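A.B. asks: Please model the entire structure based on the sequences and the hints provided.
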Amino acid sequence: MNYIKKWSKRLVMALLFTAALLVTFQSISGVKAESFSNWLAGQAETQESVYIEHSYKKLSLKDKLLKRAKSLRTLISAAEPVVAKPKSLEDAIDWSQYPKETVTATGYTAGIESTGKLPDHPAYGITYSGVKVKRDLYSTVAADPDVFPIGTILFIPGYGYGVVADTGSAIKGHRLDLYYDTVDEVYEHWGKKELEVYVVTKGTGKLTEEELKALNENESMQVFRQQYIQKKEE
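Using this note's numbering, read the sequence shown as starting at 414 and increasing by one per residue.
Read the hints as simulated data drawn from the structure, not as lab findings. Among the hints, erroneous ones may be present.
Unchecked claim - FRET-style restraints, in silico, Cβ to Cβ:
no.	residue 1	residue 2	range
1	624	536	16 to 26 Å
2	503	533	32 to 42 Å
3	595	639	13 to 23 Å
4	509	529	39 to 49 Å
5	586	632	35 to 45 Å
6	530	602	17 to 27 Å
Please read these numbers as outputs of a predicted model, since none were measured by experiment. Cβ coordinates follow ideal geometry from the N, Cα and C atoms, glycine included.
C.D. replies: Next comes the structure, spelled out in structure tokens:
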């Protein structure tokens with residue numbers, strides 16, 4: 414009982430002391446206790462608003478970063494895939510495994526400047542073998558049949574595959590005439606060159622349209638054929 418009375422007296426004294434301090438503060442500063450309480454409450458609200466504002470800013474920055482990341486992903490996914498450029502024929506095959514011959518190669522067309530024939534001639538564009546002249550992955554070329562029999566397949570660096578299908582009065586010994594569609598292409602892409610060619614297959618003396626077509630439509634060779642077509646269109 415005495416313990417309760419003791420603490421009750423202490424509590425009353427503390428309350429009186431606090432009231433005395435508030436009265437003294439009010440008399441000195443002129444600020445009412447209620448205003449002081451409101452000021453403390455305002456400070457608390459301000460601190461809370463600052464915290465909320467900073468939290469919002471952090472959230473906004475995070476949102477911006479997420480949007481930026483999504484934007485970058487969209488740009489990357491929308492971009493064309495990077496694809497390795499296919500090798501050229503020169504680089505894709507080990508040509509050292511084939512026998513090679515040094516030749517002098519020129520270019521020719523089916524026109525009067527090379528064959529003396531006009532387009533209305535019944536033999537215009539027809540080679541000695543009977544197939545039509547062709548510039549393709551496997552193109553028709555003229556050679557001396559005593560050196561390169563009809564049907565021989567050569568690889569000619571800078572030109573591609575050449576299939577011996579034609580002959581010519583000036584094409585003797587180690588000479589080749591490479592077919593082009595126009596005179597302009599002859600001058601632009603070839604002219605006259607001395608170079609080494611590779612003998613892929615030696616001919617039997619015969620060549621048919623079906624054989625030439627099969628060579629050019631070989632499925633495994635289409636990637637190289639497309640390279641030729643693109644180059645021709647440029």
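A.B. asks: Hint by hint, work out which the structure violates, then give me just those numbers in ascending order.
C.D. replies: none
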